[in-house]
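Visitor: Chains as they are written, first to last, in the numbering used here: chain H, 147 to 354; chain P, 1390 to 1856.
These are calculated hints, taken from the structure and not from any lab test.
Everything numeric in this text was worked out from a predicted model, so none of it was measured.
Think of the CB as a built atom: it goes at the ideal place given N, C-alpha and C, for glycine as much as any other residue.
Certain hints may be false.
[Said to hold, decoys possible] Restraint-style ranges between C-beta atoms, simulated for each label pair:
no.	chain 1	residue 1	chain 2	residue 2	range
1	P	Ala1701	H	Ala212	38 to 46 angstroms
2	H	Ser273	P	Pro1806	45 to 53 angstroms
3	P	Arg1476	H	Trp319	53 to 61 angstroms
4	H	Pro284	P	Gly1564	31 to 39 angstroms
5	P	Arg1439	H	Pro300	47 to 55 angstroms
[Claimed, not checked] Here are the simulated BS3-like cross-link-like pairs (lysine-lysine), alpha carbons at most 27 angstroms apart as the crow flies:
no.	chain 1	residue 1	chain 2	residue 2
6	P	Lys1754	H	Lys338
7	P	Lys1399	H	Lys338
8	P	Lys1664	H	Lys338
9	P	Lys1399	P	Lys1553
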Amino acid sequence: MERFTTLSAVACPLGLENVDTDQLIPARFMSRPRAAGYGGFLLHDLRLRLDGELQPDFPLNDCRYAGAKVLVARRNFGTGSSREAAVYALWDYGIRCVIARSFGAIFEGNAVKNGLLPAVVGERELSAIDAWLATAEPPHIVVDLEQLQIMAGPQRIAFTIDPVRRLRLLNGWDDLDLTDRRNTEIAAYRAKRFRIAPWVVPTQDRER
Amino acid sequence: MTTAHTLFDKVWDAHVIVTREDGEALLWVDRHFVHEGSHHAFRQVGARGRGVAEPGLTFGIADHYVPTRGRPIISDPTVAGMVEQLRANTHQYGIRSFDIMDPAQGIVHVVGPEMGLTLPGLLIVCGDSHTSTHGAFGAYAFGIGASEVAHVLMTQTLWQQKPKRMRIWVHGILGAHMSAKDLALYVIARIGADGARGHAVEYSGLAITALSMEGRLTLCNMSIEAGARCAMIAPDDTTFQWICGRRWAPKGAMLDAAVAEWRALATDPGAQFDKEIELDATDVAPTVTWGTSPEDALPITGLVPDPEREPAVRASYVRDTLSYMGLAPGQPLTEISVDRVFIGSCTNARLEDLRAAAAVLRGRKACVPGLVSPGSSGVKRAAEAEGLDQIFTDAGLDWAEAGCSMCVGMNGDIVAPGERCASTTNRNFRGRQGPGARTHLMSPAMVAAAAIAGRLTDVRLLPGAGG
Chain H
147 MERFTTLSAV ACPLGLENVD TDQLIPARFM SRPRAAGYGG FLLHDLRLRL
197 DGELQPDFPL NDCRYAGAKV LVARRNFGTG SSREAAVYAL WDYGIRCVIA
247 RSFGAIFEGN AVKNGLLPAV VGERELSAID AWLATAEPPH IVVDLEQLQI
297 MAGPQRIAFT IDPVRRLRLL NGWDDLDLTD RRNTEIAAYR AKRFRIAPWV
347 VPTQDRER
Chain P
1390 MTTAHTLFDK VWDAHVIVTR EDGEALLWVD RHFVHEGSHH AFRQVGARGR
1440 GVAEPGLTFG IADHYVPTRG RPIISDPTVA GMVEQLRANT HQYGIRSFDI
1490 MDPAQGIVHV VGPEMGLTLP GLLIVCGDSH TSTHGAFGAY AFGIGASEVA
1540 HVLMTQTLWQ QKPKRMRIWV HGILGAHMSA KDLALYVIAR IGADGARGHA
1590 VEYSGLAITA LSMEGRLTLC NMSIEAGARC AMIAPDDTTF QWICGRRWAP
1640 KGAMLDAAVA EWRALATDPG AQFDKEIELD ATDVAPTVTW GTSPEDALPI
1690 TGLVPDPERE PAVRASYVRD TLSYMGLAPG QPLTEISVDR VFIGSCTNAR
1740 LEDLRAAAAV LRGRKACVPG LVSPGSSGVK RAAEAEGLDQ IFTDAGLDWA
1790 EAGCSMCVGM NGDIVAPGER CASTTNRNFR GRQGPGARTH LMSPAMVAAA
1840 AIAGRLTDVR LLPGAGG
């Protein structure tokens, strides 16, 4: 997994709360293999009108925010469906960090597993970031995961992320590597579980 | 000294393999369900050159992409490919799969409980957020992403941080014509779409213990719409009666031993929660959504919100949402006409749900088109044995096969752009039922009432409703 340390990039303010994963990638695109790239599906039905033309007033379509690697939203970003494809769409579009008041729990976990930083800041700080992005030329910020700080022009804004997830992103750790070191404990647990709670094992011969 | 533990604590503790210094725990997974959407995860397993650790604890179910009409022929090649991919992946690793033609096929969150695969005290995961449903049995059940699905396939374990604990008390008893769906929408409107974020929710109180298993499943299903990590209800006689005799459930002496263990799972008196809220079921009215988040729910007697009267931070959301939904500020909810209805999904397609809708529709005609998709092939057979299918078709609704159907917009069942649908599903997100679709969430009885009236209607006021 790619490490995340510091990101210096254009940020796009969405100004939306409850951006659910059905918005991040509509279900009809999820049968495609990842190799084909998911970037074109990001926020598809908000970015594009039903006739396929660009929605002119959607922030990501504003040339001012071209090449954005950061999205700024409001509360409960990534709520809803567990589809990791929502993260694939963000990643393949070029987004490496989302700043929001809060995140849907499953999305937040999926993001970190793919190297994308979900950064939590307060509502007032979000307004300050949005205000900076609305006027700054270019609308650029720096996200420093080491220092847990966002630099929006002269402003230093603290953000939070669970410390375990921070370390995982900083180091690019992969869960599976950590799990494989625990094979002995897993085998011991399994034997004990099946012994003391045999009812947990569904048995083929119970099938009529 | 012994301390008082919550239901969640007990199930969590029983699954901890090891806890790291930083607080993350490696948990054992008792039951893992995969579906057609799990293809990303199987690809990851293959790319790593690994196998499936516990195929005997893993079950495949075709539900998200399967068409509900025209089986066994799947005319859409993409959909056919997805169903075939699940078949190939599960076959390759020796996983029992309830395929499209299996007599047990249906929606994973309906089939698991129905087959006796969902049991109290289990840790259950699936790459689907509505896995919270299974918590109705006192299982710790939650949705996971594709990377986690791959991790569980390869190791039968997951790294997790322990969520906080939240108890939602619901005192009193739900009124006539009210269901777990009304209660669920009421709870979400009260606490918000992120009101339970980061928490394992336990539901307690008279209104909860009075619910059938079907009702409990509906309530736990919708808890993800309040942001809950999982939802649980302490197993009791209602639970044990449901499990007894189910196909894959323990039987005889093993069941007796299990029931004794399951009884001990209930939260101990004096156990501490991080957050507790108390609600009264008698405050719950038939509830419908007007917006594009499940938290946008109101009693059917209410009015569409007016952005001018909303706080500034909310006003622009309400304005945009009313525009998308094609609604006017201050409009009575009962004046919203609908173009079609849908009865189905992992939220509300169990036998009790179909009975509730049929009770309203019996002898009446729907004045809009509609689709009824039972939650499983088993539910379908049971409903047909009672003649419920006849009531639906006599009313003018389509009676289809089991699957996620018109809830997910990925299997051919969709609501057309701009069309308005009264739906028993769980998400009214923009485009959830198809691009440009307008969804109003409500109970099966309320959807049936909307079908008859052609607009959102208080089911309590239908002639002959009584109560």
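Visitor: Let me make sure I understand: some of the numbered hints might not hold for this structure. Which ones are they, in numerical order?
Guide: 1, 2, 3, 4, 6 and 8
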